[in-house]
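Visitor: Chain by chain, the residues:
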Amino acid sequence: MGNRVRRVRTLELAMAPLRVWIAVAVGGCALIALAYLPPRGAAPRGPRFATYSPEPTAARRRAQAVAKEWRETDASLRLLEDRQHVKWDSSRVGPAIIFRGPTLPPTAVRTVEAVADSMWRALGLGETKVRAALVIALERAPGSAPGPIPDQNGVAFLTPDSTDRTTCMAFLPANHFWTAVLLGHPPRHFEPDWLARWFQSGLGPCAYYAAYGTPSRSVRSWLAARNWDVALYLGTHGIAGERFLSVNLLGDPRYSWYWDGIYSLSPSTVACLAGRLDGCRSAVLYGADDDARIAVPEIVRLEQGWWRKQHLLPGERFLGDVARDVGRDRFQSFWTSSLPVDTALAAALRQPVGEWTKQWERRFIQPIRLGAAAPLGATLLALLLAAVAVSAVALAASRRQVR
Amino acid sequence: MVMYKALLYTQWKWARLIILLGTLAGFSLPLLSLQGAARADRGALQAQDLLRAVQSWGTLYPLLAAALGLLVAIATWTADHRGRHVHALTLPLPRWRYVLLRFAAGMTLLAVPIAAVSVGALLAAFTATIPSGLQAYPLALSLRFALAVLVAYAVFFAISAGTARTAGIILGVIAALVVVQVVASIANLQLDLVGTSQVVLLQGLGPLAVFTGRWMLVDV
Amino acid sequence: MFRRFGLLLILGVLACPLLGQDTLINRLRIRSDSLLRTWQQAVAIANLADSLERERATIGRDTIAVGALRIITNASPLPVRQAAALAWPAIDSLYGSAAADLAERPYFIRAVDPDSNARRAVLHVGLEVPWDLDLRSTTTLLLTTVPIAPPDRALATWLTGVLRPSIHPREDVGGVYLEFVTAPSQAARGCFMGDIASCIDALGLGDTNHQLERWYPSAPERRAVVTGSFADFFDHGGSAPALRECVAGRDASCTALLRSLPADVLPKPLSDAARVSLVRDALRLGGQDAYRRLLRDPEAAIADRLAEAAGVSVDSLVAGWRNAALAARPAPVELPWWAIGVALGWVTVFAGCGLSSSRWRL
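Protein chains in written order, with the numbering used here: chain A, 1 to 403; chain B, 1 to 220; chain C, 1 to 362.
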């Protein structure tokens with residue numbers, strides 16, 4: 001009995017300091033939880049540098065907003081006017097070219113038309129039901145015309161509508177570089193195919209209209225809801241040659257701005273980059289459920305930095321790649337199908353949209369890792385390393401001698 | 001079992017301050033990292049800012065895991081080294097078993113901060129207002145932390161268990177690697193030992209890759 | 001009668017869309033004109049608001065005048081006057097008589113609480129600076145934000161920016177020396193060896209045709225440029241095979257890759273800093289009116305403008321600049337006297353630690 005009491009007493013003595021430590025740990029955690037739960041909110045980090053640039057006054061911002069509105073209205077007006085007066089040259093197959101701004105010498109016009117024709121043929125297009133016209137606005141000297149300075153990045157498209165079902169207009173502003181090229185003063189090292197690539201990227205949805213005609217209402221509504229971001233490029237390369245896919249603009253995963261770029265995209269876009277089926281499906285079908293009202297006239301405008309707002313990366317070539325993969329007939333049936341977009345697209349792809357898109361995404365980027373889980377292989381190797389380390393110690397201890 | 005309890009008790013005495021501090025740190029890390037995920041009327045960060053904050057705080061988990069593994073491993077062997085292992089070798093059990101018991105006792109103690117990280121992550125995830133499109137990964141984070149602690153503890157356990165000669169050999173190998181790299185760079189040889197070791201150990205499927213990468217409690 | 005009516009009806013139906021389009025165009029035209037008028041008014045109001053904002057920025061503020069510098073700032077511990085006194089000689093010596101124009105282009109500096117959480121009004125004019133900036137940083141700020149009128153497009157393109165006074169003149173010229181000896185270009189090497197024509201080429205002042213061949217005449221140079229500056233850029237899509245061939249030593253591939261770049265992207269053998277230092281030399285040689293002469297004829301070649309500004313031929317100017325760069329060769333090994341003391345100090349500390357170790361106590 002006395003021994004048993006002594007053992008209990010010893011255990012109690014041993015446990016007494018343990019209880020204190022446990023109490024301190026639990027109490028500490030409770031205090032931390034009280035202080036931080038539920039989350040109290042935090043202020044975003046301010047700029048790292050001490051000096052700040054001035055902001056425009058409210059009046060200046062309003063002037064800029066009015067200027068932006070004017071540019072859009074003016075571009076729409078010009079496109080509509082040009083559509084009325086476009087002259088089709090029966091000797092050519094390519095898109096009609098309309099120049100605005102300084103007058104080009106006839107030789108330069110002929111060169112441009114020849115390049116446009118060869119680009120048109122390279123896209124596999126010839127005589128088409130819907131014809132395309134490229135309106136190229138050359139750079140003009142500041143103050144040479146009334147109104148704000150035109151936006152050199154404001155690409156716009158006027159799709160066919162009830163007033164003209166067979167003409168698609170593309171408005172392509174030429175900046176300083178392209179104006180010099182078109183006026184016959186290309187910079188040194190100018191490669192001839194750059195101009196064809198520029199025209200090709202400038203055609204945008206008009207290339208699809210020319211190749212496949214007017215889309216069905218459901219497809220058109222889907223594309224309108226997402227500002228045609230999956231049908232901007234019909235060619236086989238990227239928007240400005242193979243090196244310039246919008247996905248390449250994310251940069252190098254080793255740097256923090258890579259993740260800043262990733263997280264600036266919508267969650268479904270990010271999930272698709274991570275190779276998730278549901279993410280890819282949502283990214284592709286964004287806007288498919290909305291019955292978007294298609295404005296008349298429908299003018300599609302690409303804002304500066306449009307690639308940062310894409311719902312799918314590199315979305316600009318998505319439908320172009322679909323068309324190449326499934327073939328002309330199946331794509332045509334999707335394009336003109338009255339079925340909902342997800343059904344029509346899955347039928348054309350002959351597999352679920354998410355599945356195909358996931359595989360397509362892998363052509364451009366390795367799936368990114370989201371969340372906190374470590375890769376399975378690394379986990380197994382880590383466990384193996386731990387087992388080897390402990391076994392080595394056990395083995396060494398077995399051979400240890402006392403000296 | 002009696003022997004395990006005895007070893008656990010002694011190790012507890014040596015490492016209790018480390019365990020206590022590690023527990024508090026482990027519990028507070030997830031809570032702090034989600035401070036921006038408050039209700040919108042209480043200064044909630046936008047999804048992008050929140051993810052950036054979670055990513056920044058995430059760098060502390062592997063550091064905490066490595067520090068806990070290192071300190072507990074050192075504490076585990078210090079007394080044995082001081083007594084020149086005489087006590088251990090006189091115990092009535094095989095030496096390999098003694099090593100395993102020591103390791104198990106250390107891991108048992110480290111389970112406390114691991115549990116603290118899990119509880120903290122779960123609490124933070126449940127109480128935070130997470131923007132739509134994002135989700136919390138408290139279990140994945142806890143598992144990864146446990147794995148990192150295990151690996152760090154095992155590696156440092158092995159290094160600490162060795163003699164001064166073993167430590168010297170390890171340091172010598174690392175120094176030799178650095179010297180060879182420096183000489184190769186000077187001689188303009190296409191030899192990137194440090195970079196290669198980094199890739200092999202820390203990236204992709206490397207055994208220490210669990211420490212690198214992003215530890216995101218909240219992500220897409 | 002009915003046939004005529006039917007024809008009219010068909011024509012009417014067909015013309016409907018066109019009429020609709022005309023109506024739309026008219027509507028857009030009216031809207032465009034209206035927006036244009038609104039914009040003109042908005043611009044006038046914005047100009048007025050900006051000017052009022054500038055006026056407001058001066059109210060209740062001190063105007064500090066040092067030389068032709070005018071700094072409008074609020075009362076604070078920021079050492080603006082002392083910084084201006086240090087900055088003015090450098091500004092004056094660079095821009096000469098043109099620096100007098102700065103009296104009409106003041107700095108607007110708003111010194112603010114360095115606490116980033118403190119509330120502050122929106123800044124519309126000038127710079128916002130925390131008032132705990134030290135004298136050195138404030139001087140640097142004044143030198144790097146001199147409100148001088150920007151140069152013409154040709155000069156700005158050649159310089160890749162705006163000309164500012166040097167903050168570390170000695171180090172800047174020393175940097176040019178390093179470029180001479182390290183740039184992977186025979187033009188830069190030739191310049192280092194004393195060939196003035198090579199210097200002119202390397203600075204982009206001579207004939208700009210065949211620039212690739214002039215700057216990087218040999219195959220190893222072109223390969224070094226591709227692998228050193230554009231490896232990541234070319235390692236995508238269609239250019240990746242050419243990059244691999246270039247790395248493997250095929251010069252035609254390296255040349256083709258470099259030719260595919262826009263001309264202004266080709267790395268210069270001597271950097272922008274070298275060009276800036278040449279302009280500074282020209283202004284120093286040319287005296288008080290040199291900067292005005294430099295800007296006088298934007299259509300002229302840069303070499304001629306530099307010669308005009310410096311008052312000497314471009315060859316003499318470049319030769320003098322090269323000699324100055326050679327004279328500014330950085331010291332290969334510097335051992336300041338205090339470094340010896342520091343080293344000995346650390347030796348003593350570690351020796352003390354070693355001797356007081358418990359291992360020595362028996």
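Hints are supplied without guarantee of correctness; some may be wrong.
To be verified - Residues of chain A placed beyond 10 Å of chain B at every Cβ, according to the derived structure:
#, residue
1, R217
2, S218
3, V270
4, A382
As the list claims (entries may be wrong) - These stretches of chain B come out as covered by chain A in the derived footprint (C-beta under 8 Å, 3 or more residues):
#, segment
5, 104-114
6, 122-133
7, 157-167
Keep in mind that the hints were calculated from the coordinates and are not lab data.
Cβ atoms here follow ideal geometry from the backbone N, Cα and C, with glycine treated the same way.
Visitor: Confirm or reject each hint.
Guide: A quick look at each hint next to the structure:
1. Distance check for R217 (chain A) against chain B: the nearest CB is about 29 Å away, which clears 10 Å, and the non-interface claim stands.
2. Against the 10 Å criterion, S218 (chain A) stays outside the reach of chain B, whose nearest CB is about 26 Å from its own CB.
3. Consistency note on V270 (chain A): stated as away from chain B, yet its beta-carbon is not over 10 Å from all of that chain's, at 4 Å minimum.
4. With a least CB separation of 5 Å from chain B, A382 (chain A) falls inside the 10 Å interface cut-off, contrary to its annotation.
5. Proximity of the segment 104-114 of chain B to chain A, defined as three or more residues with a beta carbon under 8 Å from a beta carbon of that chain, is not established by the 1 residues found.
6. Three residues within the 8 Å Cβ limit are the bar, and the segment 122-133 of chain B against chain A gives 7, so the coverage statement holds.
7. Evaluation of the coverage hint for the segment 157-167 of chain B: fulfilled, as 4 residues show C-beta separations to chain A shorter than 8 Å, against a requirement of three.
Hint violations for this structure: numbers 3, 4, 5, all remaining hints satisfied.
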